[in-house]
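Asker: Here's the letter readout for the chains.
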Amino acid sequence: MNSITDLIRKEIETISLDASRSNVGKVTMLADGVARVEGLSKVMYNEMVEFPNDVLGIALNLEEDSVGCVLLGDTSSLKEGDDAKTTGKLLSVPVGMGLLGRVVDAVGRPIDGKGSIESDEEYSVERIAPGIIPRKSVDQPLQTGIMAVDSMIPIGRGQRELIIGDRSTGKTTIAIDTIINQAKINKQGEQSGKEGFRPVYCIYVAVGQKNSNVARTIKVLEETGAMEYVTIVSAPAADNPANQYLAPYSGCAMGEWFMENGRDALIVYDDLSKHAVAYRQISLILKRPSGREAYPGDVFYLHSRLLERSARLNEDNGNGSLTALPIIETQMGDVSGYIPTNVISITDGQIFLETDLFNKGIRPAVSVGLSVSRVGSAAQIKAYKKVAGKVKLELAQFRELAAFSQFESDLDVATKARLDRGARIVEMFKQTAFNPIPVEIQTAIMWGMQNDFFDSIDVDQISNAVSSLKDFLGTQGKEVCDEIYQTGKLEESTEQNLRSTLENWKRTFA
Amino acid sequence: MSSNVRVNKIADLLLSHSLDENGRVEEDKISKILKDLRLNPPPQHIEILKRLAFLVRRHISTYQGTLEYMGGDGGELAERFCQKDFIKSKSTEIKSNETTSLIAGFKLKIGDDVYEDSISNRLNNIRKALS
Numbered sequence: 001m002n003s004i005t006d007l008i009r010k011e012i013e014t015i016s017l018d019a020s021r022s023n024v025g026k027v028t029m030l031a032d033g034v035a036r037v038e039g040l041s042k043v044m045y046n047e048m049v050e051f052p053n054d055v056l057g058i059a060l061n062l063e064e065d066s067v068g069c070v071l072l073g074d075t076s077s078l079k080e081g082d083d084a085k086t087t088g089k090l091l092s093v094p095v096g097m098g099l100l101g102r103v104v105d106a107v108g109r110p111i112d113g114k115g116s117i118e119s120d121e122e123y124s125v126e127r128i129a130p131g132i133i134p135r136k137s138v139d140q141p142l143q144t145g146i147m148a149v150d151s152m153i154p155i156g157r158g159q160r161e162l163i164i165g166d167r168s169t170g171k172t173t174i175a176i177d178t179i180i181n182q183a184k185i186n187k188q189g190e191q192s193g194k195e196g197f198r199p200v201y202c203i204y205v206a207v208g209q210k211n212s213n214v215a216r217t218i219k220v221l222e223e224t225g226a227m228e229y230v231t232i233v234s235a236p237a238a239d240n241p242a243n244q245y246l247a248p249y250s251g252c253a254m255g256e257w258f259m260e261n262g263r264d265a266l267i268v269y270d271d272l273s274k275h276a277v278a279y280r281q282i283s284l285i286l287k288r289p290s291g292r293e294a295y296p297g298d299v300f301y302l303h304s305r306l307l308e309r310s311a312r313l314n315e316d317n318g319n320g321s322l323t324a325l326p327i328i329e330t331q332m333g334d335v336s337g338y339i340p341t342n343v344i345s346i347t348d349g350q351i352f353l354e355t356d357l358f359n360k361g362i363r364p365a366v367s368v369g370l371s372v373s374r375v376g377s378a379a380q381i382k383a384y385k386k387v388a389g390k391v392k393l394e395l396a397q398f399r400e401l402a403a404f405s406q407f408e409s410d411l412d413v414a415t416k417a418r419l420d421r422g423a424r425i426v427e428m429f430k431q432t433a434f435n436p437i438p439v440e441i442q443t444a445i446m447w448g449m450q451n452d453f454f455d456s457i458d459v460d461q462i463s464n465a466v467s468s469l470k471d472f473l474g475t476q477g478k479e480v481c482d483e484i485y486q487t488g489k490l491e492e493s494t495e496q497n498l499r500s501t502l503e504n505w506k507r508t509f510a
Numbered sequence: 001m002s003s004n005v006r007v008n009k010i011a012d013l014l015l016s017h018s019l020d021e022n023g024r025v026e027e028d029k030i031s032k033i034l035k036d037l038r039l040n041p042p043p044q045h046i047e048i049l050k051r052l053a054f055l056v057r058r059h060i061s062t063y064q065g066t067l068e069y070m071g072g073d074g075g076e077l078a079e080r081f082c083q084k085d086f087i088k089s090k091s092t093e094i095k096s097n098e099t100t101s102l103i104a105g106f107k108l109k110i111g112d113d114v115y116e117d118s119i120s121n122r123l124n125n126i127r128k129a130l131s
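Protein sequence lines, in the order shown, are assigned to chains H and V. Sequential numbering from 1 applies to the first sequence in the working numbering. Sequential numbering from 1 applies to the second sequence in the working numbering.
Treat the hints as calculated values from the structure; they're not laboratory data. No false leads were slipped in.
Subject to a maximum C-alpha distance of 25 Å in a straight line, what follows is the list of computed PhoX-like cross-link-like pairs (lysine-lysine):
no., chain 1, residue 1, chain 2, residue 2
1, H, K360, H, K416
2, V, K128, H, K10
3, H, K79, V, K109
Input sequences plus hints: build the corresponding full structure.
Answerer: So this is what it looks like as C-alpha cells:
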C-alpha cells in the first residue's frame, strides 16, 4: 500500500504546478480531421494545440485571422465554439530501444496491447535533415537477401532506394524480405561475434494500408523471428488523414535516434503514394492552393524533407546510418506520374517491378532495364562484387537477344550461349517470398553460374538446382560459406574449396 | 487587387479612424462611420461591415481583460495585475468575476492570452499526467 502511494506521490512531484500561460482561440470550423481556429495569435508553426477532451491538433496553416489545425485522434466530441489552446510544444514521439518489437500509432502510442513503451527520450517529429559536413558516402552493404536485388541493384547503408510498381507486384514483399534478412544477419552476427559487426534495426511505416494487411505483416515478422528488431508505425486507411500524414515523420524520428546514436537502421515507408493523397486531402480542406492533380504546391517538399533525413553519418558523428526504402504504387505501369517522378528524383535509385514479369511467374518481378542503384557496387562485399559484376549486362543482353531471336531460325553459337545463360540467370533469380538468402550462399550460387556449373542442367530444372545447392551449402558447404562470410573475399583458395564443394553437389544433384 | 484584399484594406482603414488618442475604439466615431456607410454604401458593403466587426472585437479584447477568481478580493487582484509587466497597455481594464469552478486561484484572460493559477487547473494537470 505504502509503495503504491509513494509511486503516486513521486509522479505528482514531477508534475509542474506553476502558474501557466497559454494562448487560446475558438473553433470556428470543423471538417474531416481539420479545425479552423480564430485566435491563437501566438501559436508556432507545427505547434501542438490542445482541444477539449484531450484531443490534440497541430497548427499547419497560420493565417492573418485564423489558424488551420489538423486533429489527431477522435474528433467526434468536438464542436464549433470549443476552446483551443497552445501547449508550447512541438509534436514529439518516444524513441529508443524500447520501441523494438512494438506496434505504435502515428504519435508513438502503443497499439499492440503490450503495455506502455519503455522510453525516456523523445524526438520531435519534424527535424532538419543532416547537413553536408556530418555525412559520409555510402560504402557499406545492406543486403536484402533477394538475389536479383543484391546482385544488380545493390543497396548501401544510408541509401534511399525506391520500390516502385503497380498494385500486387510484390513491393511490400521485397521490403519485408529485407527486414527479415536484417534480423537473420543480426542474429548470425551476434552469435558469431564478428569484429565490427553492426546490427540493422528496422522501422516499418504502414500508411493508408488495410488493417488486415498490417496484421499479416506483423504475423510474418513474428513467425520469422524478425519482430524483435522491428518497430511498426501504423496509420491504417481507417485512421484520419492527419495521422497518415504524420506517420512517416514519426517513424523517421524513431530511425534517426538509431542513426544519431551510432547505430544502423532501415525504414520502410509503405507507401508514399497514399501519404501524398492524405496530404492532398488535408491541404484541400485547409484551402491551400492546389496544383497538378489537385496536389498542393509543396508536395515535393513533403517527400524531399522526409527522405533527406536518411543519411550515412561520418565517424565524427557516430558513424550511424538510416537507410530508406520508400514504396510508390504506379497506375498501369506509368512511372511518369506526378508523385512517382518526384520520388524517383529524390531517391538514389529505384527497384521497378513489372506486372508482366510477375504474371509470367518471374518473382521478384524486377525490371532490369528500369531498375538502378546510384550507389552501385560500392555497397557490395568484394566476394559478391567479383561474381555479380557481369550479371546485369548478361541479363540485359539476354533480353535484347531474346526479342530478336524470335525472328531468327538459325542462331550462331555465341548468341545461343548468351540466350542459354540468360534464361538460366532468370531462373536462378526466381525466389519465393519471405525466404531471403544469406549473402555468402548467394555468392556461391552466383559463382557456380559464372563457372558453368548450371550449363548442363535444363532451364526448367534451374530453380530446383538452386534450391538443392542452397541446402547443400547450408550443410556440407558450410565451411566455405563461413569463410566467405568471415573474410568477405573470394581468394584463390576459397575458389578452390568452392569448386570442389560445387562438384560434390553436382554429383548428388545429377 | 482581389476583392478580399480590398475589403480587408478598407476595414483596416475604418478601424484606424475609429480609435481615440489612447488607441481605444471610440463609440461615437464608430457610429459616425456606420452612418456614413449607410448613406453612401460602397461595393461589398456587408463584407466590409463584417470584417470591421471582427477587427473591432479583436482590438477591444487587447485592452479589456476578464479575471475569474475564487478566494481573496477580486478588485485588489485585478489592480495588482494591471501593474505587471506582461500587461502591455497600462490602460487595460480588467473586469473581475468570482468563479466557483476554479476552487481557488485565478484565471486572467486578455486578448488571446490566458494566465492561470488555480486548483482546478492543477488537478487537471495531475489528471492528464496520470491518465
